Amino acid sequence: MTTRPFAGSVLALTALVGAAASLAAAREAPPSAVVATAVIRGSVTLPMSGPGRRPSVSRPGHTSAADRQQDAVDRQTSVVYLENMPRGMAGEFIERHARLDQRGERFVPHIVAIGVGGTVDFPNSDPTFHNVFSLSDVRSFDLGRYATGKSKSVKFDKPGIVRVFCDIHAHMSAFIFVFAHPYFSVTDAQGRFRIDGVPPGTHTLVLWNETIDPETRQVTVGEGGEVEVNFAVAAAPAVH
Amino acid sequence: MRFFALVTALVWLAAPAARADADLLPSRPITFGDGRVVFSGDVALSFGTQDEGYFNLFDYSHDAFNVLTMSLSTEIRATERISVVGRVTDEVALREREPGPTDRHIIYPYALYVRVQPAPGKPLYVLAGRIPPVFGAFARRDYGEVNPLIGLPLAYGYATTMRPEIAPSRRELVLNRGGGWAVRYPRATATYGPQGVPLVSPRRWDAGVGGQWSGDRVEAGVALTQGTLSDPHTHDNNDGKQLSGRFGVRPTPGLSVGVSGARGEFVDEEYQARLAEPALSDTHRQQAFGVDGEYARGHVVVRGEIVASRWDTPFLNGDPTLRLESLGTSIETRLALTPRWSFAVRGDRLGFSEVTTATGVDVTWDADVKRVEGAVGYMLRRNVRLKASYQYNWRSGGRLRQDGLAGAQLLYWF
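Chains A and B, in that order, are what the protein sequence lines are.
Under this note's numbering, the first residue of the first sequence carries the number 1, and numbering increases by one thereafter.
Under this note's numbering, the first residue of the second sequence carries the number 241, and numbering increases by one thereafter.
Don't read these hints as lab results, they were simulated from the structure.
A quick note: this is a predicted structure, and the numbers were derived from the prediction, not measured.
Some hints here could point you the wrong way.
To be verified - Some chain B residues near chain A, calculated using beta-carbon distances under 10 Å:
no., residue
1, 278
2, 380
3, 381
4, 422
5, 492
6, 619
7, 622
Here a beta-carbon is modelled for each residue, glycine too, at the ideal position from N, C-alpha and C.
Generate the whole structure from the sequences, applying the supplied hints.
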């Protein structure tokens, strides 16, 4: 599979911004009649594990082997969401506060998703310093170095994808998804997801994972129904 | 060219990784075999004014301000506790020098060693091969990514007039003051000579065995190697080993302090055999002692390092063996101004002990050097940085006593 550079992020960003535009339109629309909402659930199967770590030739203790000891939270690596805010729906954000821990020289979990206006806490659970920062156009910040037990927070006022790094440890990275609607889900350790409260109709469902291009599916849900969508991603090149 | 081809091939292989990251080049290491083989790379393009005073000499044709450096690192994990780690580096000089050497393009193995973790879960590692140094702080940093400036500290990047070959006489020694870029023996007849060694070589690693422990608050390392800090070797050149070690503590997460020591036979055996007694029976060692510290808080990092070195230096003409000493001190700070912009400055000094010449004059055996360097850094992407630097040097001897250098450096790593 060949893709143009930037394609993945542009597609994902377009979806998030599109959702924001839909939110604005929805707020201007007259109140809709109460309808029974549906559930979209399913699973994501990926052929590979998470990103590797740079070999450190000068620091023997800093090995890529440490990355193999991932816990369950650390395997939450995909996001599934509706591309646009369904018409007539107002945004009720289900996740306005999230936590991105710095543990074992990793961000745990690797991905968090919040609504616009939400806040992410960055506690340091390692015995060493970390320095969380982002160069994202959505929200750039540099929290400086802080020690074990300390935490700093960042508020996100614009929708989009925010890539987060540690200035000290080059191998550390994470993603923060900021949505303008509540129809999103981060997969669990088994790759399962569930989006509740989806209004009836046909929607574009997007799967985002760091190692692949975003995949989209057209999904039609009825009132009070439940639809299962499974993403099985074919083997991709073993590079990160 | 093979190295270029290898790097190009790896970058091409990694291109699919750009999908999520919106990068034209890979931003992550490249892995194969379920993560058992990992490749990463570093490229540093430095371009600046001509270093007429040879203050930043890597070797005669390469200096820190005019060089393209490309490194490819790999870790091959044979088992959960045994790995092979290597790095090959290619340095391309970007400026010609006269007289023109032919080695403007140098590929060399920077590291190649086997790493064994004897006890699972314990941060103890045993290394064998061309291993990372345990002495000091700067040489153990990953250059390019961590160095906030373009130049290296003087103790690591300045060519003194010391050579593993023996000086013909005390007079010849001091005649070379400030000329470490080309040490000529005998001075009267030679028009060109090899460069002198720095106190600690950061570009070549020594070969041998070592052990390192890195706990949460304490780290320690010890190594037995073929060469010395100044003159690392893959093959032993004098039947003498070097023993080096470092002990570091981290009382708080933001503060770390370390002390280092090293002692090893320095003089090449080919030259040593030409000595007469009693110098022939002497040991001719390099001994070094170092202290390093780092303090970080918020957006500021301050690092300091002291390296003291002593070489037992014999003379071919029968002058008594001298203990020639040198002391390098440096302090640097880096301030993150915004997520993208940073500023760094380093103050540096390299001093030398005095010897008495044949005419009874006391003079340092090499010319003292002082340096200040400041740099502004801009992070284009997480793995792409641009630096603009200005460096000014003062020297108490040599053909050029003062010189300012301006340069820029583009760094990319994956």
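Here's how the hints hold up against the structure:
A distance limit of 10 Å between C-beta atoms decides the matter here; for residue 278 of chain B the minimum to chain A is near 5 Å, and the interface restraint holds. With 10 Å as the threshold, the beta carbon of residue 380 of chain B comes within range of chain A, its nearest partner Cβ sitting at about 5 Å, so the hint holds. Checking residue 381 of chain B against chain A: minimum C-beta separation of about 7 Å stays under 10 Å; hint holds. For residue 422 of chain B, the interface hint is violated, since its Cβ never comes within 10 Å of a Cβ in chain A; the closest pair sits about 30 Å apart.
Checking residue 492 of chain B against chain A by beta carbon gives a least distance of about 7 Å; that is within 10 Å, so the hint holds. At a threshold of 10 Å, the smallest CB-CB gap from residue 619 of chain B to chain A is about 6 Å, leaving the interface hint in force. For residue 622 of chain B, the suggested interface contact is upheld, since its CB lies about 5 Å from the closest CB of chain A, less than 10 Å.
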